[in-house]
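Number of protein chains: 2
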Amino acid sequence: MAKLRNAFYAQSGGVTAVINASACGVIETARKHKDKIGKVFAGRNGIVGALTEDLIDTSKESKKAIAALRHTPSGAFGSCRYKLKGLEENRAEYERLIEVFKAHNIGYFFYNGGGDSADTCLKVSQISETMGYPIQAIHVPKTVDNDLPITDCCPGFASAAKYIAVSVREASFDVASMCKTSTRIFVMEVMGRHAGWIAAAGGLASGEGCDLPIVILFPEIVFNRDKFLAKVDAAVKKHGYCSVVVSEGVKTEDGKFLAESGAKDAFGHTQLGGVAPVVANMIKDALGYRFHWAVADYLQRAARHIASRTDVEQAYALGKAAVELAIKGENAVMPTVVRKSDSPYRWKIGSAALKEVANVEKKMPRGFISRDGFGITAKCRAYLQPLIMGEDYPPYKDGLPRYVRLENVAVAKKLSDEFKL
Amino acid sequence: MAKLRNAFYAQSGGVTAVINASACGVIETARKHKDKIGKVFAGRNGIVGALTEDLIDTSKESKKAIAALRHTPSGAFGSCRYKLKGLEENRAEYERLIEVFKAHNIGYFFYNGGGDSADTCLKVSQISETMGYPIQAIHVPKTVDNDLPITDCCPGFASAAKYIAVSVREASFDVASMCKTSTRIFVMEVMGRHAGWIAAAGGLASGEGCDLPIVILFPEIVFNRDKFLAKVDAAVKKHGYCSVVVSEGVKTEDGKFLAESGAKDAFGHTQLGGVAPVVANMIKDALGYRFHWAVADYLQRAARHIASRTDVEQAYALGKAAVELAIKGENAVMPTVVRKSDSPYRWKIGSAALKEVANVEKKMPRGFISRDGFGITAKCRAYLQPLIMGEDYPPYKDGLPRYVRLENVAVAKKLSDEFKL
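Here the protein sequences line up with chains P and H, keeping their order.
Position 52, counted from 1, in the first sequence is what this note's numbering calls 54; the numbers after and before it change by one each time, with no gaps.
Position 294, counted from 1, in the second sequence is what this note's numbering calls 296; the numbers after and before it change by one each time, with no gaps.
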């Protein structure tokens with residue numbers, strides 16, 4: 003009988019509230035199949051850990067610690083922003099990966115990330131084949147940007163969406179209380195440089211039995227100052243106040259980020275202050291309304307305390323499915339979420355070939371944005387609503403969430419040479 | 003038997019996650035004493051509602067709706083930033099108040115706010131006496147700034163503190179994941195123009211079994227650029243990353259807000275972008291580290307979804323106690339939280355004379371800030387820790403908190419003249 007092959011797991015790019023739930027799914031499932039898969043090694047700081055042969059032996063972690071990954075945000079093994087270059091440009095990097103994998107008897111590559119890592123995953127599968135050391139490469143989807151194709155949604159997005167919807171609802175209640183004599187405008191800046199998925203989630207704050215005036219600025223819609231100001235003014239005249247959700251990626255007619263039209267610091271640097279203050283000050287200058295603004299930044303992708311239960315379940319299920327696909331002998335694939343119905347919401351796990359996934363970006367359909375460009379449609383709501391369903395509170399100690407920090411014990415190196423990144 | 007006198011309740015100044023819990027305590031308790039107190043009328047948009055005779059009849063609200071105030075953030079009747087002037091400057095306003103109270107047979111004045119409203123409350127008690135229509139005026143403490151004297155803490159503060167502690171922990175986990183190849187600095191701007199209570203709460207993010215490098219900039223400590231940069235740099239060299247919690251009120255040696263030293267917009271307006279981007283860019287310029295920054299703004303005081311259970315219980319208890327004090331015949335007083343012990347945390351309700359409360363600001367003791375000025379001491383931790391204990395999740399529907407919106411039915415006006423604010 004051949005020696006059991008080990009698995010390699012790495013987290014890639016910006017982390018989320020639930021990427022560790024996928025890690026939990028991968029590791030717990032692999033541990034259940036010890037007859038098929040050896041150890042799970044994780045890359046310290048993502049793929050960088052593979053290149054530098056800095057591997058973490060997850061078998062040293064207790065069952066309890068691994069289980070706690072399910073409710074711990076961030077990347078437990080470290081992540082990185084390190085994009086492997088194309089095969090032609092830097093074949094050495096891919097060869098190094100395979101060399102490390104070979105040294106540690108790694109036959110399964112689980113890569114947990116967005117579009118770029120799907121591409122890397124595919125290349126690892128291909129080059130390992132040509133190098134005579136075939137590795138089964140499975141991509142585990144993750145991105146708050148929700149821009150991977152084929153899968154109905156991407157783990158991480160739904161929790162960010164829930165955080166934004168809850169926050170905009172709460173802040174809108176606040177400004178509604180104050181609008182008689184004080185603040186009338188609340189502006190919330192959200193992530194999404196290329197797509198308005200997260201901004202759209204702000205629209206969920208207003209719903210059945212809770213009508214709130216929310217104006218959304220999408221990166222998909224060219225910013226029109228006059229129309230925007232008219233929309234905000236109408237909302238204030240009707241409701242007394244208005245909440246604005248603005249995507250960091252909103253652009254003006256000349257293709258520049260709206261954020262850049264704002265402040266310059268003493269050195270002439272632009273974009274010191276984000277797009278929220280630019281929008282807030284624009285309203286103040288034109289309409290005279292007092293404002294407050296917030297920038298959620300990392301909070302929106304790290305807020306495990308208010309994660310969507312649906313998101314947690316899908317993140318775990320996709321990690322689990324990745325291992326099951328590997329055991330079935332699949333290669334160069336990504337498990338996906340397949341939506342079976344909106345209401346009641348039902349979903350199952352499917353899979354997609356990586357060549358269909360890599361380098362394809364899922365845009366938000368124009369039909370998800372209202373005709374005037376400032377809101378979401380019923381269709382968009384039907385898509386988003388089920389994703390934020392359910393709460394999945396972490397355990398607390400001393401008033402704070404009890405997030406796990408792993409031991410992250412290093413695997414002894416087997417290669418003598420150092421690899422320069 | 004004399005006709006039962008009604009009560010007036012109003013919310014004042016910036017709202018919080020739990021001010022409605024105090025309203026709930028006031029109304030539910032008054033309803034239990036129908037033999038002593040008539041109806042509870044609320045001021046629409048705070049004291050402005052009293053001046054304009056725009057009263058809300060809370061007896062029209064269902065038991066369920068009033069109960070739901072306990073888990074609803076913001077000011078359910080509307081609040082305002084409207085400070086009554088001194089008696090000499092504007093006696094007419096006070097006389098108008100008494101006139102409205104008399105017209106509606108109001109004998110109890112419950113004012114839910116911070117230092118300014120404690121002062122107003124005291125004046126109402128005094129002037130009503132001299133006008134021959136004595137009103138029992140009871141102040142219900144509320145302020146995220148935690149700056150009222152005598153009471154151990156102020157409702158609203160603990161939930162803001164919990165929000166900040168949770169958020170800083172989550173964002174610190176995030177930046178820790180990314181620091182190998184990307185972001186090393188996370189800056190979070192928090193409220194507190196005069197006192198660093200909320201900033202101090204950021205220090206709770208790091209605790210037993212969860213050591214995180216957190217540098218705090220307090221308004222109490224004059225900003226020293228070199229020392230600050232050295233502190234951040236040391237944290238990054240040791241941990242690979244650093245989280246900075248900065249109070250909006252931090253000032254430089256010349257007495258100016260640090261925020262003002264940053265951006266200017268096209269019109270030369272300063273402070274477009276808050277203090278967080280100023281601090282983040284300063285670190286980048288001096289040390290070269292990549293950063294992210296967030297400004298929580300209203301989110302920190304509206305975040306009922308992560309409210310402290312201790313805070314909710316105290317807010318309710320203080321509202322309840324206010325009514326009980328009124329029934330006992332007390333006047334010009336404020337119920338307080340009295341701490342009996344830190345660990346286990348035990349507290350009870352006390353009361354303070356308003357003349358001891360009005361115009362006194364509770365500062366953060368210097369002994370709560372570490373010697374180097376960038377952290378909290380064990381003493382500070384012992385004070386803060388119990389306040390954020392416990393969770394008190396609101397009910398959810400469709401993935402979002404189900405916050406109540408009252409009917410807010412107006413009481414028929416009895417006075418013919420209009421009052422100009």
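No wet-lab data here; the hints were simulated from the structure.
Certain hints may be false.
[To be verified] Pair by pair, the computed Cβ-Cβ distance ranges are:
1) H:R341 <-> P:K416: 24 to 34 Å
2) P:Y395 <-> H:D419: 37 to 47 Å
3) P:Y395 <-> H:A94: 49 to 59 Å
4) H:L231 <-> P:K286: 26 to 36 Å
5) P:A380 <-> H:R227: 26 to 36 Å
Every residue, glycine too, gets a C-beta built ideally from N, C-alpha and C.
Of the numbered hints stated previously, which ones are contradicted by the structure, given in increasing order?
-> 1, 2, 5
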